[in-house]
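Chains B and D are the protein sequences, given in the same order. Residue numbering for the first sequence follows the numbering used here, beginning at 1 and increasing consecutively. Residue numbering for the second sequence follows the numbering used here, beginning at 1001 and increasing consecutively.
Keep in mind that the hints were calculated from the coordinates and are not lab data. What you are looking at is a predicted structure, and each value in this text was computed from that prediction instead of being measured. We put the beta carbon where it would ideally sit given N, CA and C, even for glycine. Errors might be hidden in some of the hints.
[Claimed, not checked] Below, computed lysine to aspartate or glutamate pairings styled on EDC-like, alpha-carbon distance capped at 20 Å:
hint: 1; chain 1: D; residue 1: Lys1203; chain 2: D; residue 2: Asp1019
hint: 2; chain 1: D; residue 1: Lys1224; chain 2: B; residue 2: Asp265
hint: 3; chain 1: D; residue 1: Lys1219; chain 2: B; residue 2: Asp390
[What the hints assert, rightly or not] Output of the computed footprint for chain D on chain B, the stretches with three or more beta carbons under 8 Å from beta carbons of chain D:
hint: 4; stretch: 9-20
hint: 5; stretch: 62-76
[To be verified] Cβ pair distances, simulated, as ranges:
hint: 6; chain 1: B; residue 1: Asn290; chain 2: D; residue 2: Met1233; range: 52 to 60 Å
hint: 7; chain 1: B; residue 1: Asn431; chain 2: D; residue 2: Gln1087; range: 27 to 35 Å
hint: 8; chain 1: B; residue 1: Ala414; chain 2: D; residue 2: Phe1236; range: 40 to 48 Å
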Amino acid sequence: MAEEQRATVAGWGNTARANQHIVTPTSAQEIEELLHHAKHGVIPRGLGRSYGDPAQVAGGTVLSNAALQEFGPIDRTTGLVTLGSGVSIDNLLSVAIPHGFFVPVTPGTRQVTIGGAIASDIHGKNHHVDGSFMNHVQSLDLVTPTGLVHVSPTKDPDLFWATAGGMGLTGVILRATIKLLKIDSAYVTVDTTRHQNLDEVMAAMIEGDHRYRYSVAWVDCMTSGARLGRGVLTRGDHAPADVAQGRASAEDAIPTKPRLSIPFDAPSGLLNRLSITAFNEAWFRRAPKNKVGGIERISTFFHPLDGVANWNRLYGQRGFVQYQFVVPDDQADTIRLAIERLSSSKVPSFLAVLKRFGPANLSPMSFPTPGWTLALDLPVGPPALPAVLDELDQLVGQAGGRVYFAKDSRMSPASVAQMYPRIEAFRSVLNRVDPDGVMVSDLARRLNLRGTSNA
Amino acid sequence: MRDAFGQPQSAIVFGGTSDIAQATVRQLVAKRLDRVVLVGRNATALGELQQALTNSGCSTVEIVVSDAADPHSAPRAVDDAFAALGQPADLVLMAVGLLGDQRANDDSAERTAEMFTVNTTWPAAVLAGVRGRMVAQGYGQLVVLSSVAAIRTRRANYAYGAGKMGLDGYARGLAASLAGTGVTVQIVRPGFVTTKMTAHLDKGPFATTADAVATVIVKGLATKSTVLYAPGMVKFVFAILRHLPEALWRRLPG
Chain B
1 MAEEQRATVA
11 GWGNTARANQ
21 HIVTPTSAQE
31 IEELLHHAKH
41 GVIPRGLGRS
51 YGDPAQVAGG
61 TVLSNAALQE
71 FGPIDRTTGL
81 VTLGSGVSID
91 NLLSVAIPHG
101 FFVPVTPGTR
111 QVTIGGAIAS
121 DIHGKNHHVD
131 GSFMNHVQSL
141 DLVTPTGLVH
151 VSPTKDPDLF
161 WATAGGMGLT
171 GVILRATIKL
181 LKIDSAYVTV
191 DTTRHQNLDE
201 VMAAMIEGDH
211 RYRYSVAWVD
221 CMTSGARLGR
231 GVLTRGDHAP
241 ADVAQGRASA
251 EDAIPTKPRL
261 SIPFDAPSGL
271 LNRLSITAFN
281 EAWFRRAPKN
291 KVGGIERIST
301 FFHPLDGVAN
311 WNRLYGQRGF
321 VQYQFVVPDD
331 QADTIRLAIE
341 RLSSSKVPSF
351 LAVLKRFGPA
361 NLSPMSFPTP
371 GWTLALDLPV
381 GPPALPAVLD
391 ELDQLVGQAG
401 GRVYFAKDSR
411 MSPASVAQMY
421 PRIEAFRSVL
431 NRVDPDGVMV
441 SDLARRLNLR
451 GTSNA
Chain D
1001 MRDAFGQPQS
1011 AIVFGGTSDI
1021 AQATVRQLVA
1031 KRLDRVVLVG
1041 RNATALGELQ
1051 QALTNSGCST
1061 VEIVVSDAAD
1071 PHSAPRAVDD
1081 AFAALGQPAD
1091 LVLMAVGLLG
1101 DQRANDDSAE
1111 RTAEMFTVNT
1121 TWPAAVLAGV
1131 RGRMVAQGYG
1141 QLVVLSSVAA
1151 IRTRRANYAY
1161 GAGKMGLDGY
1171 ARGLAASLAG
1181 TGVTVQIVRP
1191 GFVTTKMTAH
1201 LDKGPFATTA
1211 DAVATVIVKG
1221 LATKSTVLYA
1231 PGMVKFVFAI
1241 LRHLPEALWR
1251 RLPG
């Protein structure tokens, strides 16, 4: 039987902590038993990189997917591979890259599991070309409170798509078969351009994103006036084989262990308006004005923050919140309004990430929808912050946009109903596979995702 | 469920019509609080607050009438409050208190007994009942209104001060007993607060308002502090005052 212990965990933002049982099951049978006997709610947890409270359930039981490590083999012709829910993108890349494959979608960190990638239906810099993670999942095995099921876009598609971005509420993902991307080298060709304000950044993205597989802009939310939202746009593609010649072998170019580590919580307030403004300024000046055809290692291009372990501790004991939203293309002005609102309220914000999304998939709860997305890192502490974020919720909701559950830790249930109009389809799947409401997280309680209000 | 800023969505308030409780609940409702049970003695006053909270968008406001002067009513008050909420309580606020008239209490066994019943016995009994509920739900925050009067008793209000001292000490032991359960306790020690309870008195030094105390509570919910002072300054003032020689202490005004 799986070992059980009681522990306090939080999301990556280190805010609302929850005390609960943590169990690490090793088989489908163990998971079924745990779901059967659970009293106060169960939710799966991977590597804890969600910023808020989706992978915790105060007073309940967290099922860690750490022991679900089934791996491969990788089919060399199709790129298909079956992976346990607990396999991290880090593990996967260290095996796949030397074989000439890459993960079809990666977020800004390799420290996410396959289970988490599906539950949040994660996106990366290539969403405008490749869509989100679930678009590359062929099928998955899921232990629901009513039993083990195998689902795919053709077999119980409602459950398959409800699991995408379903924040773990449809059950515990056991394994998934995903299609990897064939690559010719472990390098990326990168074009970097610097832009003096938000309009310039956005114009450049509209004009040229389609020429690149990967595109993302980092914008400065501490500037105002003519320099409001100045930014650095980096775009790239997997480099052809000849680029790699004379460079380190694929094995050497694969992700490395962090070089630095933050061993303890920094004092809250270390990251304040002054230090963040200074950082943003230095970072902007350091970027090349216009550099075409740079060559970067995969880890540098995709996962720069993985170079510093536990960087979230820089935000101190009070922690930080992320705020990521998307608005339709014809509501692009919301991006400017949001940056102006933050800038004028003196709420400090680290570099924000700006990106364009392509078409959405069929999931009712998956975050990516076509348009512009902006992600902000905000230290907890400024008294104005909660109210400013509530205002942004209104702005985003009215623009027909939505906020990302994997980043959220403070939204209200009313906003969810407005932002996720297909939530009833999601709830009807939950009512079918989990009629007793066994699967629950603090996020689900806080946002009333089950629609029962006393979940 | 509390959010990243420590703000609760559901709460039970004992002593719901006290000025500090009302101010706190109003501030919480302006944030994320949406389901509230108000427990108190005065059904009319509770009804007025219920209406005000409903008007400001609270989806559920329930009332439980219970009299803290009757210690036997405590278990029933806990049962009724949790039943009325119908879901786990993110927050329980204990705001019952009676300042009394010390001169009138001085020689009255009956009135002194009532002071301890209302300020100590009933709240402690309720907290014991709440403890079990909160441990069973596996999470939650308990906020207990104490007073700087609990730090050292004074001539002017020693029955009140001693009563709060008992509750304050009980609450600190309660906090220790809950370590590792996911349930936390915070004790709030306001200085002189200008409320209906103190309207007949001269303002003490560092006087504050119910709203200011509420702000300290609402902010404090996001912290790990076990004891909160309102205003923060009285913490340092009383750190010194408590060590004054008795002869000096007795002569202090107020």
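Hints and how they fare:
1. Lys1203/D to Asp1019/D: holds, 16 Å
2. Lys1224/D to Asp265/B: holds, 15 Å
3. Lys1219/D to Asp390/B: Cα-Cα ~17 Å, so holds.
4. 9-20: holds (count 6)
5. 62-76: violated (count 0)
6. Asn290/B to Met1233/D: 52 to 60 Å: holds, 56 Å
7. Asn431/B to Gln1087/D: 27 to 35 Å: violated, 19 Å
8. Ala414/B to Phe1236/D: 40 to 48 Å: holds, 42 Å
The structure fails hints 5 and 7 (numbered hints given earlier, in ascending order).
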